[in-house]
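Engineer: Each chain is listed here by its residues.
4 protein chains.
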Amino acid sequence: MEKRSAILLVHCPDREGIVLAVTSFIASNSGNILYLDQHVDYEKGRFFMRVEWDLARSSIADEQLGEQFQQHVAAGFDMLWQLHFSNERPRMALLVSKLPHCFYDILARYESGEWQIEVPLIISNHQDMERVAERHGIDYFHLPVNQDNRQEQEARQLELLQQYNIDFIVLARYMQILSEDFINQYPQGIINIHHSFLPAFPGGRPYHSAYERGVKIIGATSHYVTTELDAGPIIEQDVAHVSHKDTVEDMIRKGRDLEKVVLARAIWHQIRRNILVCDNRTVIFD
Amino acid sequence: MEKRSAILLVHCPDREGIVLAVTSFIASNSGNILYLDQHVDYEKGRFFMRVEWDLARSSIADEQLGEQFQQHVAAGFDMLWQLHFSNERPRMALLVSKLPHCFYDILARYESGEWQIEVPLIISNHQDMERVAERHGIDYFHLPVNQDNRQEQEARQLELLQQYNIDFIVLARYMQILSEDFINQYPQGIINIHHSFLPAFPGGRPYHSAYERGVKIIGATSHYVTTELDAGPIIEQDVAHVSHKDTVEDMIRKGRDLEKVVLARAIWHQIRRNILVCDNRTVIFD
Amino acid sequence: MEKRSAILLVHCPDREGIVLAVTSFIASNSGNILYLDQHVDYEKGRFFMRVEWDLARSSIADEQLGEQFQQHVAAGFDMLWQLHFSNERPRMALLVSKLPHCFYDILARYESGEWQIEVPLIISNHQDMERVAERHGIDYFHLPVNQDNRQEQEARQLELLQQYNIDFIVLARYMQILSEDFINQYPQGIINIHHSFLPAFPGGRPYHSAYERGVKIIGATSHYVTTELDAGPIIEQDVAHVSHKDTVEDMIRKGRDLEKVVLARAIWHQIRRNILVCDNRTVIFD
Amino acid sequence: MEKRSAILLVHCPDREGIVLAVTSFIASNSGNILYLDQHVDYEKGRFFMRVEWDLARSSIADEQLGEQFQQHVAAGFDMLWQLHFSNERPRMALLVSKLPHCFYDILARYESGEWQIEVPLIISNHQDMERVAERHGIDYFHLPVNQDNRQEQEARQLELLQQYNIDFIVLARYMQILSEDFINQYPQGIINIHHSFLPAFPGGRPYHSAYERGVKIIGATSHYVTTELDAGPIIEQDVAHVSHKDTVEDMIRKGRDLEKVVLARAIWHQIRRNILVCDNRTVIFD
Chain A
296 MEKRSAILLV HCPDREGIVL AVTSFIASNS GNILYLDQHV DYEKGRFFMR VEWDLARSSI
356 ADEQLGEQFQ QHVAAGFDML WQLHFSNERP RMALLVSKLP HCFYDILARY ESGEWQIEVP
416 LIISNHQDME RVAERHGIDY FHLPVNQDNR QEQEARQLEL LQQYNIDFIV LARYMQILSE
476 DFINQYPQGI INIHHSFLPA FPGGRPYHSA YERGVKIIGA TSHYVTTELD AGPIIEQDVA
536 HVSHKDTVED MIRKGRDLEK VVLARAIWHQ IRRNILVCDN RTVIFD
Chain B
296 MEKRSAILLV HCPDREGIVL AVTSFIASNS GNILYLDQHV DYEKGRFFMR VEWDLARSSI
356 ADEQLGEQFQ QHVAAGFDML WQLHFSNERP RMALLVSKLP HCFYDILARY ESGEWQIEVP
416 LIISNHQDME RVAERHGIDY FHLPVNQDNR QEQEARQLEL LQQYNIDFIV LARYMQILSE
476 DFINQYPQGI INIHHSFLPA FPGGRPYHSA YERGVKIIGA TSHYVTTELD AGPIIEQDVA
536 HVSHKDTVED MIRKGRDLEK VVLARAIWHQ IRRNILVCDN RTVIFD
Chain C
296 MEKRSAILLV HCPDREGIVL AVTSFIASNS GNILYLDQHV DYEKGRFFMR VEWDLARSSI
356 ADEQLGEQFQ QHVAAGFDML WQLHFSNERP RMALLVSKLP HCFYDILARY ESGEWQIEVP
416 LIISNHQDME RVAERHGIDY FHLPVNQDNR QEQEARQLEL LQQYNIDFIV LARYMQILSE
476 DFINQYPQGI INIHHSFLPA FPGGRPYHSA YERGVKIIGA TSHYVTTELD AGPIIEQDVA
536 HVSHKDTVED MIRKGRDLEK VVLARAIWHQ IRRNILVCDN RTVIFD
Chain D
296 MEKRSAILLV HCPDREGIVL AVTSFIASNS GNILYLDQHV DYEKGRFFMR VEWDLARSSI
356 ADEQLGEQFQ QHVAAGFDML WQLHFSNERP RMALLVSKLP HCFYDILARY ESGEWQIEVP
416 LIISNHQDME RVAERHGIDY FHLPVNQDNR QEQEARQLEL LQQYNIDFIV LARYMQILSE
476 DFINQYPQGI INIHHSFLPA FPGGRPYHSA YERGVKIIGA TSHYVTTELD AGPIIEQDVA
536 HVSHKDTVED MIRKGRDLEK VVLARAIWHQ IRRNILVCDN RTVIFD
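Residue numbers (our numbering), protein chains in the order written: chain A, 296 to 581; chain B, 296 to 581; chain C, 296 to 581; chain D, 296 to 581.
Quick caveat, the hints were computed from the structure, so don't treat them as lab data.
A hint or two may mislead.
Same chains, same label: a pair holds when it works inside one copy or across any pair of copies.
[Claimed, not checked] With a cut-off of at most 16 Å between alpha-carbon atoms, the simulated EDC-like pairs for lysine to aspartate or glutamate come out as follows: (1) 298 - 357; (2) 540 - 336; (3) 540 - 338; (4) 549 - 581; (5) 339 - 507; (6) 549 - 533; (7) 339 - 544; (8) 298 - 349; (9) 393 - 423; (10) 339 - 309; (11) 540 - 581.
So here's chain A without its partners, still in its complex pose (with noise of 0.2 Å):
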């Protein structure tokens, strides 16, 4: 059988006696601590933790566990929380235009067992992928998105991830600006790639600026999306070296290489529950 356990996330003020009582309430349902970590962020008085328990031995039910954290702990310190449990398989959804590297890339780590996450469900403005997701065996939907239609697609797609019960959302290189309306339903909920180092060269053709500006160094960024375009909370960065010899197309090319990457630790963060925000930042608990 495997080891199962409880991950507790936490934020609230920062004050006295927290990490006591997140620890004594874990020992009195006889949890055995895993991994424990905390940040205090002293310049806004806040106070960060993820913890993680075995629940081998555990004296109460897993759906009672939040109820009780809430009543005996969380309440007192004014605590925003979450728990989830390891066996829990999140389900994503992936927003996909042309490009197919992100693309190809997770569903690679899905296809191999990287993740333990379900994958049920694909949604694009083009038709490019729809044989790879095919012979991934996940639904596909070609929901093509102009001026005019922009509403009622995202009216479709807002569906379509109720339907498949959909934990969180991946742009992989989805090239469409979502509504404000469709990115309130996930805060926290939608990861996207963006292909420079931010918050330089937000918004379109970041490499061509970068060629511009004559910069040594290209990056890719994942964030959560909010509705101000490529400002919500970073999750994870990466850079390559470039030099006076590449051209756009080669910054394309290498960059390409650090979006998969930089874009697929930021869902093994999300898949992991290692991440928290507040005020737009993220604390990762790696």
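Got chain A; can you put chains B, C and D on it based on the hints?
Structural biologist: This is chains B, C and D only, laid out in the frame that chain A set:
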């Protein structure tokens, strides 16, 4: 008044209840936890922790803290532990030969107040750096070492180290091998910088070997000195890319910058009490 | 019509007048130089060059270019040289075992047109990847190798490689050691990915060794296969930082992403004819 | 006797025959090419070249070389060019404020002979670094700048720069903005280090902005100063990973090490005559 804190480093066999025991002990002495990092090495079944707490409202005298912790917590868990106080300034000695880059870099950091330490003593087998030591007002002892006088010179070095009340030693490209006796006097107290990404290219002339092997990456490694040459616990490593264009001299030049930074980071961790060692591996709470 | 160019790779003993001789030869055939990279290894007294020129107004037939170059330039300088044309599509074979990550990554790049190559042949000692090969329409041969049948299976492999007219072979985490005979058939024609920053941790289970040694950096190395195990000319290396938090499994996970990228870059250089080898070291004109 | 070489930097509109013309010119003067790097920016249709040749058997006087080159080669290709000789030691001036890290690092490299330059002059708007300048035997001028006296102090600075025969100026964290007039006196002759990965976070307090934005990477950028703030041609950039654990102070600390190295590399390229600038972008022949 500056905030004063206690730093406790602990490792012991992993079992339930350790975090709770430690945090309860701190709470019972009116300490507020500032940082708590823990790590479990499941393969080896060992628990590691660094916890730092505010002493502002401490209900117990500094000098009794260790004894109380031993009695009420450590004994029961078979803990190895160290207790430090943030207002202590560790005393560092430098051993140097003729290569100046790490030496200059360390003195610049010291002089500009980057590190909360004292550097009262420099020992060298050459006279080259004497003038630099003088202008920083640091005592400099020229103890040339050769095959015949190693033993007596080491005795003299040890005498000086004791006389100057040295906490830890940094070999800033000191090109001599220390005796087993000497090394055993300073467990986890001698930091060396080796000019390769160990375990590749141990021993002398690693840049020449790197060139011959045609590697595309060179590196530097800071580690604790143990009696096995270049095989002690690694504290920090970093690398730089090289190409066929780089001659041995280019590698040496690029390597110097690596060595400076990698050694400085190790010293930083040593000063901040971030490092635990077990089974020849370091746990670094950053 | 696509621009067609000639790519000439040259090395020879260094002496005066080489660049002039080569550029004069190209000019005399109405070629316009697009790229010219040269490198002199002064330690070894050897000259290396990669030059690419536009054939649009070439006054000489492709098939005579090499002969003319040999006669008018190469002979006089004792040159070793290769001549390629940009419209040739090299033919690559894949040897795989059970680990899918490099294999998937290569096929995704191939399918999406990232590389100007043909991949007509996959050989494996296992059946695991057969289905994936099928869906990409690539012939897959299952040739299980053991102590007893190595020789005859290698004979069969060589037969297939010849039959499919293969230019170079990629070992995409192929876990078998090739015989000296096999290797000698493909000088600078077999690319391997090793899962460490060689020369550290050659041989099997490098991530386990890296964990035991407590390194702070892991790496991957792509290199040409020679008869000495993991000691061939290095094409590309990259690294990732790890910490005490990383288990062997974490290292394997992080290493996979390194391996994919480092192998892909080596293949890119191979396809682009960027690589010269001399004295077990590569010169890579990037 | 040390080997003496000529270094020629050239750029011009791209067309056929440039490499041949330059190499023929060198050969006709009995020069042996040591390094030849060329680059074509096809987007802009511009050709760049750095060529270095041995003067040991030169059949022409140094002082006539430029004139001859202009007449026989440059004029015909509409070339912009510079000619340098390896035995010239460029004269560098330092402008500093109060932050010591880049300043110390530069002086250490200078004192230990890492760079073939002269540093005869330091100018500062503060007195903090005077003692350090003194012990290195470098003239130090304290010219405090404020709103009212900027113009006259700049006049004094320019006078000193001329008097000391300065070739290029390094702003080693000099916190003042220079006037357009001042900048125009030293085109590609003023190197600044900015403490972010430009174009992200131009202007003041970039580490504070980086913290607020929650980036996972910080950087440093060395660039030529132009009249547009922080927008000059980028020479070198590097980055370091940060996490939620890093406070603004941690970023400043980690950034210092980046700034030192990135500035030192830019100075290295400047000294080695590796840099060409065109359209606000650098071509760096490394």
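Engineer: Identify every previously stated hint that the structure contradicts and give their numbers, smallest first.
Structural biologist: Of the numbered hints, all hold.
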